[in-house]
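So the sequence lines, in the order shown, correspond to chains E and W. When you line the first sequence up against my numbering, it's residues 1 to 103, in that order. When you line the second sequence up against my numbering, it's residues 1001 to 1204, in that order.
Just so you know, the hints here were simulated from the structure itself, not pulled from any lab data. Note that the structure is predicted; figures quoted are calculated from it, not measured. Take the hints with a grain of salt, since some may be wrong.
Below are the DMTMM-like pairs computed for lysine to aspartate or glutamate, each with C-alpha atoms no more than 20 Å apart in a straight line [said to hold, decoys possible]: (1) E:K54 / W:E1138; (2) E:K90 / E:D100; (3) E:K54 / W:E1053; (4) W:K1202 / W:E1191; (5) W:K1143 / E:D100; (6) E:K54 / W:D1006; (7) W:K1177 / W:D1188.
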Amino acid sequence: MMAVGLGHFLILGSVLFCLGLVGVFINRRNVLVSLMALEVLLLSVSILFVTFAKYHDHLHGQIVSLFIIGTAAAEAAVGLAILIVFFRFKKSIKLEDVQDLKG
Amino acid sequence: MITMLDLCFYMFGLTLIGSVVTVFLARNTVYSVFALIVAFFNSAGIFLLLGAEFLAFVLLIVYVGAVAILFLFVVMMIGADEPLKKKDLFKNVRGFILAAGVMVTEIIVFVTGKFTLPSATIMGDGDSQISNTHAIGEVLYTKYFLPFQLVGILLLIAMIGAIVLTLRNRTGVKRQKAKDQLQRKPSDTLELKDVPIGQGVKTK
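Starting from the given sequences, assemble the full structure and let the hints guide the process.
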């Protein structure tokens, strides 16, 4: 273990981002978990923004991170509302069932 | 020499990654939500290590208090948990390759690139006299006023959208109609009659 520097935080954020990406891909059955993966993606991006804010010693990154948190809350609300409406119509939350537009 | 910062970073970081993995692999969706809450707590710890105290607590309030609880409500409303089956895990190989490619590229950039990283400690910058929250407050309502208001409007629109999407009028449910109740007048329902003695009143 080396002394923790900014690179460690960057690597942590990148690993989280990749985990979120993998989570979007492997969950073909449950839309809820895919939405959670999107939350993880946004979280990793805001960690990276805060890290770079520290690196540049400027508050820009933290402010952007704050906006990301607000946007993530809005996204979660609308996404879950759409999911509930979808569940009412189809009685299912599988991603495989989301193909009505295909005809 | 392992300092307190290192210890905290590895603790928060490893728990964060472990709980995120748990989110995707948990058999029950309720466990996924709880693992997500653990992940949010640990990322708040990471934010604290980076000196962003205000953001850490905003993260706790917004993510744990609002988003995760929203997820929990929806999980309990829908209640369908489809556990991840082993044969589905490797169905989407292209996605895996894409994610792995991104990861490998990042590691190569970090390890070989000219991107030098300062290894000095991150906690405690000496020159700032005001707290993090104070500093954010000073710029948030002046320099970033317009984006701040736009995020507020975005949240309002999202709230209205969520309500409009999920609103439905159920048939067959007895409910109070306040408008009809308040618009009732005595003349609609009440009729005064003079009753002749010995004859009574004829009902219609």
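| List of violated hint numbers, smallest to largest | Result: hint 5 breaks, nothing else.
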